[in-house]
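K.L.:
Residue numbers (full-length UniProt numbering), protein chains in the order written: chain A, 1 to 364; chain B, 1 to 364; chain C, 1 to 364; chain D, 1 to 364.
In short, the hints are calculated from the structure, not lab data.
Treat the hints with care, since some could be wrong.
Identical chains share a label here; the pair holds if one copy fits it or two copies do between them.
Each computed BS3-like pair below joins lysine-lysine, with the alpha-carbon atoms no more than 27 Å apart [as the list claims (entries may be wrong)]:
id : residue 1 : residue 2
1  : LYS284    : LYS346
2  : LYS45     : LYS11
3  : LYS324    : LYS209
4  : LYS45     : LYS324
5  : LYS346    : LYS293
6  : LYS324    : LYS16
7  : LYS45     : LYS115
8  : LYS37     : LYS115
9  : LYS16     : LYS238
10 : LYS195    : LYS114
11 : LYS114    : LYS238
12 : LYS324    : LYS293
13 : LYS37     : LYS11
14 : LYS209    : LYS45
15 : LYS45     : LYS57
16 : LYS293    : LYS207
The model shown is predicted, which means the values in this text are computed figures rather than measured ones.
There are 4 protein chains.
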Amino acid sequence: MAPGPIRTALKVDLDKPAHEQEYLHNRWHPDIPFAAKIVPGEAVKVECIDWTGGQIKNDDSADDVKNCDLSRVHYLSGPFEIEGAEPGDILVVEIQDVQPFDERPWGFTAVFDKKNGGGFLDEHYPQAAKAIWDFEGIFCSSRHIPHVRFPGLIHPGIMGCAPSPEILAEWTRRESELVEFNTLDRVVANLPEPKNIHAGTATGDLKAKIGAEGARTIPGRPEHGGNCDIKNLSRGSKTYLPVHVPGAKFSVGDLHFSQGDGEISFCGAIEMAGIITFKFSLMKGGIENLDMKSPIFIPGPVEPQFGPGRMLTFEGFSVDENGKQHYMDVTVAYRQTCFRVFEYLKRYGYSGGEFSLPASFYKK
Amino acid sequence: MAPGPIRTALKVDLDKPAHEQEYLHNRWHPDIPFAAKIVPGEAVKVECIDWTGGQIKNDDSADDVKNCDLSRVHYLSGPFEIEGAEPGDILVVEIQDVQPFDERPWGFTAVFDKKNGGGFLDEHYPQAAKAIWDFEGIFCSSRHIPHVRFPGLIHPGIMGCAPSPEILAEWTRRESELVEFNTLDRVVANLPEPKNIHAGTATGDLKAKIGAEGARTIPGRPEHGGNCDIKNLSRGSKTYLPVHVPGAKFSVGDLHFSQGDGEISFCGAIEMAGIITFKFSLMKGGIENLDMKSPIFIPGPVEPQFGPGRMLTFEGFSVDENGKQHYMDVTVAYRQTCFRVFEYLKRYGYSGGEFSLPASFYKK
Amino acid sequence: MAPGPIRTALKVDLDKPAHEQEYLHNRWHPDIPFAAKIVPGEAVKVECIDWTGGQIKNDDSADDVKNCDLSRVHYLSGPFEIEGAEPGDILVVEIQDVQPFDERPWGFTAVFDKKNGGGFLDEHYPQAAKAIWDFEGIFCSSRHIPHVRFPGLIHPGIMGCAPSPEILAEWTRRESELVEFNTLDRVVANLPEPKNIHAGTATGDLKAKIGAEGARTIPGRPEHGGNCDIKNLSRGSKTYLPVHVPGAKFSVGDLHFSQGDGEISFCGAIEMAGIITFKFSLMKGGIENLDMKSPIFIPGPVEPQFGPGRMLTFEGFSVDENGKQHYMDVTVAYRQTCFRVFEYLKRYGYSGGEFSLPASFYKK
Amino acid sequence: MAPGPIRTALKVDLDKPAHEQEYLHNRWHPDIPFAAKIVPGEAVKVECIDWTGGQIKNDDSADDVKNCDLSRVHYLSGPFEIEGAEPGDILVVEIQDVQPFDERPWGFTAVFDKKNGGGFLDEHYPQAAKAIWDFEGIFCSSRHIPHVRFPGLIHPGIMGCAPSPEILAEWTRRESELVEFNTLDRVVANLPEPKNIHAGTATGDLKAKIGAEGARTIPGRPEHGGNCDIKNLSRGSKTYLPVHVPGAKFSVGDLHFSQGDGEISFCGAIEMAGIITFKFSLMKGGIENLDMKSPIFIPGPVEPQFGPGRMLTFEGFSVDENGKQHYMDVTVAYRQTCFRVFEYLKRYGYSGGEFSLPASFYKK
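Whole structure, please, built from the sequences with the hints as guidance.
P.N.:
Right, here's the structure in full:
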């Protein structure tokens, strides 16, 4: 009668290359074979590798960031068959807990090299940089960013159900159009690309099909969510995800110990491998009933409280560093605000290169 | 020995046209004469009219919004001489309380007509609309938006010290350039304009000079703050403002009973006239000491707490209503998210036209 | 159509002796005449004097505390006729705001002389002491307790509906019995006492009857609430009060700027005169439906947040100052904990005599 | 260079009788041998059994509660040698995390039989009762108390450093005196008692000495803390404990998934076995510097937030169930308030026997 431990629905191997692990995948596609089955109402644990699949090491060199193979990232755990889920349903995802692995009590945040990934501030900080964060219970601290310590709000960066073939086709159409008419001097979308795809247990023709059609995992997409990086989707939160294929084919990955309110380096979070405890339920026919166009989120009850006087607010203005004004340009405003925050922090002995840290922190 | 009532440093007349009141002004300029003097350490009350100067009435017609004279808005109370303030100092503004007038326990929010002001969603909601909000202590409710009621986080939308002549010249240069090179089919900045200027007690040549040079009050500007519309600058908050002229020439106005996290109509707040209680202090030489480039803010300790399950989060994606994807376009993403929220709320009987309401609310 | 100011249902005169004001009373009795009428759903303001009826002055001497006439205290505003209220109903009291009078922006806290009132620690602090607190918006500070400043959680100490004759008789029976069998060397209850009673507009035989029968206002009583001193009954709170007589005869008084979690001097709050904004509603037949035996309270959403590290907790043990252990004696434990807190605070330069301050405070 | 897992400083065996495990003990005594050593600054895990040492089973019968051997409880993990700790220091205990064992994701709360332990309400609920709680991440729910589910605030009930011989002698003197002069018809203190003592690795004469002198673990004591049952000593909290013997001899046990603000059954918490992650530091000479008489506590930043309207408050009055009034009797008031809460909850289908649940909960 007594319950045993919470069942682990999917285990990963932290010492094995991600692409050799059958229950991971790095594309969104309706035909990726199920990795495991979960019954609504059951609490289960799901293990996840970090978003680089272990490419980043706990050392003091940023060479691994500089040379990170970005075609081999965002491996997701799943997809899971949620028993009874059908297209048109809403999958309610309750996160009960998220924890690092006991044997890997650390994570990292990184500034990516302008030539490999880059990021929001790569014009100003073009070199790769890395900070390792040690986890001590709810807290983290870093030997690379002294005197900073804060409680994490641990969460998954990516959650979603597989797209239907129709939705997948629409994604490809939309993103191809964006690429086709692009006038910016940068990559604006990554289209389906067979190289280095990993589709779980799929092999042969099926794997080829998934490689040819599968959507990349970097961008979030309205029809299913995906890479949302919402920092408050932590313990006790609920996420309402539309279901588009039989069994839902839910996947999860890209765990963070903490995430800023924006991403000022390519990697705006403290990235980690870890274990997430879920409980799922279904709202049958919920998409039509709620007229749902994209996921809805409700944060949990245990967000760290910092209290008054612990949070400084800087305001953004769309005047760039050359004194040129732009019209209501959020990007310019956010970037300039980052620089003002850096100036402020420099007074405390920090240099710009360290500021891949999350927005909210407090001193030891 | 016993203190009397808190001194009111500036009184307004709610029944008199704003431009006839000597202690109001509607431009930023170093030469606007002082309206009153305040000593650091002294708690004082300052009265403010609403941002339209009383043009909007408590009735059920939006004609006053449609016909609102936008050249006669943003009248600020001040400027105040802060005793001892010199260029290079930081003025620390503590907000002790903000209250509506007893005799005007109501405010308004408005959707501006596309032909008169417009706003973020004016392509979709081109008609003027208005909601009157009745204040009941910390709560507000509206006969125009039934079943909604929430506690306000009352705050001033505009606070700042006067620019120096050099800063003013830089503003004009910057904004003139923006206008000159504008390729958008809309007004991107309002340059100095003598029409309908009000410069307090200034008359004759001085008033003409202020009219010819004075900066408009709509945009916030990094060098002094101004129209920041930060919803958390409520009771107990502290704002650190750079001082650029002798005596600081601090001004305040545009009070809000509540404000959303963004402005989806021209008037994204519940606008009100009211009384703000301040206490000022000075950090001598603070601009250099803090290497301050723009204001810094610390919220107060009495923000309303809603608790888990009372806040829904919708995610933004930069795919527009025609299914066209844009590259990392915050504006598209925010607009589309607004529409999804509207669809969600329509299920509860609301129509789009009512959604000038702030983002956070809870049901009666 | 537009609303005017919120109606003030009852005005007091801060310069007139309390017992000369017709709309105050200092006993609980069903026959005290109505002072005013309030309609459910209407927001109204009610003015209240401080609990001593103005006996304590804003000066630096505690003589007024020492000589305070305790037979002339706890004057309540009311009773109010709540339209439609009948015995068996529940009166829902929503507090929308509580504010000091503009012309009296101060309050006091006092240690009462052991020979006149005394208090929880009067064996150790037998002398009268007083601290005046100046209000600055949501904050208060005192020239008598330097370096302390904190936001208030302003609330009424006393709210209740009049007892029915049967309930009043039960109170008298109960408290007479307590007095009769008392073995402690102290006053354990104050029975009805005609001296210095004030019964609003009642005169002659009616006043005599109320004097002979009326319950004293110091103790709270389960059947109606009364003097509850719950510090969280501030803005936005709801209180559910049983109604025992037609029209409810609701009364209120004893406003506090702030109150500790316990009362370690006779006067455990920062006492003030002020104005409370109410909105009432009725749950018809609610006493039976809820099987209500005594009031129920729900705190409001704007309690000050202090954040982690701002609150020290000391633990209580029932070992007294002579090293004698008592069995699970909360009173001993609480008293000893107070002393430990005093010792702790003395390290910061405070002396015991000042510690009539509320439990939660933070440094300037 | 990379850290491995956090070191587990003490492991327990959930399947072995507590008194056979060498690193547990059930008395406070300076001579209990060290179980392990911990260096200040090091994060370590410490495993703890539940307070009954596994006597309570995950089933639907309360017979185990009825027959619980109360002479074999409160086995503590330790004592730990904290390197460098000397009498006069303060040991700062930071709790970084507390978790149940993966293989034991449940806990219990129990009403003890009036003849075996009893409790605050044993006159009214004399029968043993038990509820099993299943843990799902931060949440718990019980098949024995339907429709209740809430996030835990997991914490240890007991923490303390060993007494010096002088302090131990004072405890015995104090408690012996309490027993000697007791006039109540109940056990008021348990004096040292050799039966069923467990003193870690101590044997022979040493064990006999500890049995003859060792203080029992049920009561908290001012000189060192011990059984404090403060529900907020959860993740991120800090506890300042006086050190009385070389090496501190710190012990911990009696973990709770959640605890009420009071203990209305003998076992007022959801009891569990689990793993606590600590980090220690020392304030050398802190007892004298802080003039510390007993422990001081600072709660952590991740207490669950419930928000307004989720917490009902009932008020206590010292009138007992027979209508007899008592003078300022907190015990009577608290007991009667419990009964009123029970009556309220009965309306939702609960019976009194289930109300061993914590005070704060929210509905599924």
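K.L.:
Work down the list of hints and note, for each, if the structure agrees.
P.N.:
Here's how the hints hold up against the structure:
In the homo-oligomer, the alpha carbons of LYS284 and LYS346 lie at most 27 Å apart only across protomers (21 Å), although the nearest pairing inside one protomer, at 54 Å, exceeds that limit. Within a single copy, LYS45 and LYS11 get their C-alpha atoms as close as 9 Å, and across copies as close as 24 Å, so both meet the 27 Å cut-off. For a Cα distance limit of 27 Å, the shortest separation of LYS324 from LYS209 across copies, 25 Å, qualifies, whereas the shortest one inside one copy, 49 Å, does not. In this assembly of identical chains, the alpha carbons of LYS45 and LYS324 never lie at most 27 Å apart, being 52 Å within a copy and 38 Å across copies at closest.
In the homo-oligomer, the alpha carbons of LYS346 and LYS293 lie at most 27 Å apart only across protomers (13 Å), although the nearest pairing inside one protomer, at 44 Å, exceeds that limit. Taking the closest pair of Cα atoms, LYS324 and LYS16 never come within 27 Å of each other, the shortest separation being 51 Å inside a single copy and 40 Å across copies. For the homomeric pair LYS45 and LYS115, neither the shortest alpha-carbon distance inside one copy (37 Å) nor that between copies (43 Å) is at most 27 Å. Proximity of LYS37 to LYS115 under the C-alpha cut-off of 27 Å is found in neither arrangement, the shortest distances being 41 Å within a copy and 49 Å between copies.
In this homomeric assembly, LYS16 and LYS238 never come within 27 Å of each other (Cα to Cα): the closest approach is 32 Å inside a single copy and 39 Å across copies. With identical chains, the CA atoms of LYS195 and LYS114 are at most 27 Å apart within one copy only, with a shortest distance of 22 Å there and 50 Å across copies. For a Cα distance limit of 27 Å, the shortest separation of LYS114 from LYS238 qualifies neither inside one copy, at 36 Å, nor across copies, at 38 Å. In this assembly of identical chains, the alpha carbons of LYS324 and LYS293 lie at most 27 Å apart only when taken from different copies (15 Å versus 39 Å within one copy).
In the homo-oligomer, the alpha carbons of LYS37 and LYS11 lie at most 27 Å apart inside one protomer (13 Å), although the nearest pairing across protomers, at 34 Å, exceeds that limit. Taking the closest pair of Cα atoms, LYS209 and LYS45 never come within 27 Å of each other, the shortest separation being 30 Å inside a single copy and 48 Å across copies. When the C-alpha separation of LYS45 and LYS57 is checked against a cutoff of 27 Å, the pair qualifies both within a copy, at 25 Å, and between copies, at 25 Å. Within a single copy, LYS293 and LYS207 get their C-alpha atoms no closer than 30 Å, and across copies no closer than 55 Å, so neither meets the 27 Å cut-off.
The structure does not agree with the numbered hints 4, 6, 7, 8, 9, 11, 14, 16 stated previously, though it agrees with the rest.
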